[in-house]
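**Student:** Listed in order, the protein sequences are those of chains W and V. Mapping of the first sequence onto this note's numbering: position 41 corresponds to residue 41, and the numbering continues sequentially without gaps. To convert, count from 1 in the second sequence and add 430; that's this note's numbering.
Please note that a few of the clues may not be correct.
As the list claims (entries may be wrong) - Between beta-carbon pairs, the in silico distance windows are: (1) W:426 with V:493: 44 to 52 Å; (2) V:489 with W:178: 49 to 57 Å; (3) V:493 with W:419: 45 to 53 Å.
Claimed, not checked - Some but not every residue of chain V turned toward chain W, in silico, with C-beta under 7 Å: (4) 438; (5) 440; (6) 447; (7) 462; (8) 466; (9) 474; (10) 488; (11) 496; (12) 498; (13) 507; (14) 508; (15) 510; (16) 511.
What the hints assert, rightly or not - Covered, in the sense of this in silico footprint (three residues per stretch, anywhere, with C-beta under 8 Å from a C-beta of chain W), are these stretches of chain V: (17) 476 to 485; (18) 519 to 527.
These are computed hints drawn from the structure, not numbers from a lab. For each residue, glycine too, the CB sits at the ideal point set by N, CA and C.
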Amino acid sequence: MSEADKYDAIVIGAGPAGAACAYTLGKAGKEVLVIERANTPGAKNVTGGRLYTYALEMIDEGLSENAVLERKVTHEQIMMLSGNRAISIDYFDPAFNNEGSPPQSYTILRARFDEWFAGKAEEMGAMVVCGIKVDDLIEKDGKIVGVIAGEDEMYADVVVAADGVNSFMAQKAGLIEDIPAHSVGIGVKEVIELSSKIIEDRFNLKENEGAARMILGCTEGIHGGGFLYTNKDSISLGAVFMPEEIAKHGKSVHEIFQELKMHPAIYPLLEGGQTVEYGAHLVSEDGYRGIPHKLYREGLLVVGDAAGFVINTGSSIRGIDLAMLSGLAAAKAIIAATDTSKVGPAYLKELENVKLLPTMKSVEGYKDVLDIPRLYTNYPNLAGDVFAQLFMVDGQVPPSMKKAIKSLIKKNGLSMLQLLKDGLKGVKAV
Amino acid sequence: MSIEKITAPELLSLDKFNADEGEPHIVLDKNICAQCKEKACLVVCPAVLYKLDKSGKISFDYAGCLECGTCRVMCKNKGIIKWVYPRGTFGVIYRYG
């Protein structure tokens, strides 16, 4: 391909960020090429997962209606494990799923969803080529002007790096350093097939309803946690760990995760199922603070996971929606800009307009709470002990609750002062 | 596979791969690895592809790689001298993801 014969944009990666960008560009009549290294979009991608539908609706009204999704999340759950014990919270709120408007969120399997979404981008006129890995960027006069894949060179006014958390493209462009280990978690997941009837019975769901569950206290004290999502006829069970802490701990990611699966409060949910896939993926854990200082240079924009657009508040984890918003913002910037030097600044402005950066900034402090190491052992154990005290009846004279809690705090290596400090930190941070 | 503790090789046997026999996408310099005390790769690789052989040396097989990148970000002494994604179409093929 010659430089004269160039695209308006080349998007590297057909995940949600890349597809959102290509969809929007295609719809505006721009010539856009999406290059995906997998044979089909989604075949390299792993999520927990859940998708918040508003992002699809922002790209195009009604887009979420026919999306290939699993179950609408009706049950938001938090589970705390301590040894063999479990404390579960189940929050049911019909307002998240009002009739007449799209459900707030759906569980999702990425191989299916990404293929559908990239197909939608194609329907809008984007060209999606699969099975080709972009090896490098082409730079000319300080600008990024195209990409190299094998022996092919392809040119565009703007290249969009939507190549995921390990973004080699953003690195090659000099926008980010190699990822520091403390900024990412390693997520692992098993997809376990189970009939929809059994899933609905076990999780108290109606047809098409789903549960999303965060699990605390299942990581042997390592900063991280488990998750469980009910799909149509499978369950996604997984866990995320900070790899540096795994290395210090000395037990493998695989082993700790297998033990979570066999936990007496988890296993009965899965019993009779069949594991059909094991996946792993890195996830950015630094939130707003992890966003690269530069999200563009002339001729290149960084979107999605490549830009660290992930929010983890402990109760909700968001990545796919933010990826889509950033893809949308990039497309809007490309459409509006009159020359390539204006695209980058316009992209930053659009990231504000779609509320991505303000949202991430607003929840920036949650990271401080999640960095409290006691969250992963002492507190789940204390909660377990307190609940045991509440429910135990053994014919003995029970101690006063006040006294019992005091001694349990001490037993779990905590103090009132520590509790107060962490509580204050929590309040300050959120 | 039914719900039980499943070994890493068994888990990987459930996944679909198109292994690139011709070109490893991860290459180690085992001399550097031999000097590495931390050897974080042994525990952070979710596929448990890094192992110690009988003589205490690192053995590694890139064929079951899930392409997460954890070994790369955790490799302190840079015994991993090459880490790129597999060539187009090769590597893991998630059917669920």
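**Student:** Decide, hint by hint, whether the structure agrees.
**Tutor:** Quick rundown of the hints versus the structure:
1. Checking the proposed 44 to 52 Å range against residue 426 (chain W) and residue 493 (chain V) shows it holds: the Cβ atoms sit about 45 Å from each other.
2. In this structure the hint that residue 489 (chain V) and residue 178 (chain W) lie 49 to 57 Å apart at CB is violated, the actual value being about 25 Å.
3. Between residue 493 (chain V) and residue 419 (chain W) the beta carbon distance is about 49 Å. The supplied range of 45 to 53 Å therefore holds.
4. Using the Cβ-Cβ criterion of 7 Å, the hint placing residue 438 (chain V) at the interface with chain W is satisfied: the shortest such distance is roughly 5 Å.
5. For the restraint placing residue 440 (chain V) at the interface with chain W, the shortest Cβ-Cβ distance is roughly 9 Å, beyond the 7 Å limit, so the hint is violated.
6. Look at residue 447 (chain V): its Cβ only gets to about 11 Å from chain W, farther than 7 Å, so that hint breaks.
7. A distance limit of 7 Å between C-beta atoms decides the matter here; for residue 462 (chain V) the minimum to chain W is near 17 Å, and the interface restraint is violated.
8. The closest approach between the C-beta of residue 466 (chain V) and any C-beta of chain W is roughly 12 Å, which is over the 7 Å cut-off, so the hint fails.
9. This hint holds: residue 474 (chain V) has a C-beta 5 Å from the nearest C-beta of chain W, less than the 7 Å allowed.
10. A least Cβ separation of about 15 Å between residue 488 (chain V) and chain W goes past the 7 Å threshold, and the interface hint is therefore violated.
11. Proximity of residue 496 (chain V) to chain W holds as hinted, the smallest CB-CB distance being about 4 Å (cut-off 7 Å).
12. The beta carbon of residue 498 (chain V) is positioned within 7 Å of a beta carbon in chain W (closest approach about 4 Å), and the interface hint is therefore held.
13. Checking residue 507 (chain V) against chain W by beta carbon gives a least distance of about 13 Å; that is not within 7 Å, so the hint is violated.
14. The beta carbon of residue 508 (chain V) is not positioned within 7 Å of any beta carbon in chain W (closest approach about 10 Å), and the interface hint is therefore violated.
15. About 11 Å separates the beta-carbon of residue 510 (chain V) from the nearest beta-carbon of chain W, more than 7 Å, and the hint is not met.
16. Proximity of residue 511 (chain V) to chain W is violated relative to the hint, the smallest CB-CB distance being about 14 Å (cut-off 7 Å).
17. For the segment 476 to 485 of chain V, the assignment as covered by chain W holds, since 3 residues bring a beta-carbon within under 8 Å of that chain's beta-carbons and 3 suffice.
18. Interface restraint, the segment 519 to 527 of chain V with chain W: holds (8 residues with C-beta to C-beta distance below 8 Å; minimum three).
The structure is inconsistent with the numbered hints 2, 5, 6, 7, 8, 10, 13, 14, 15 and 16, although it conforms to all the rest.
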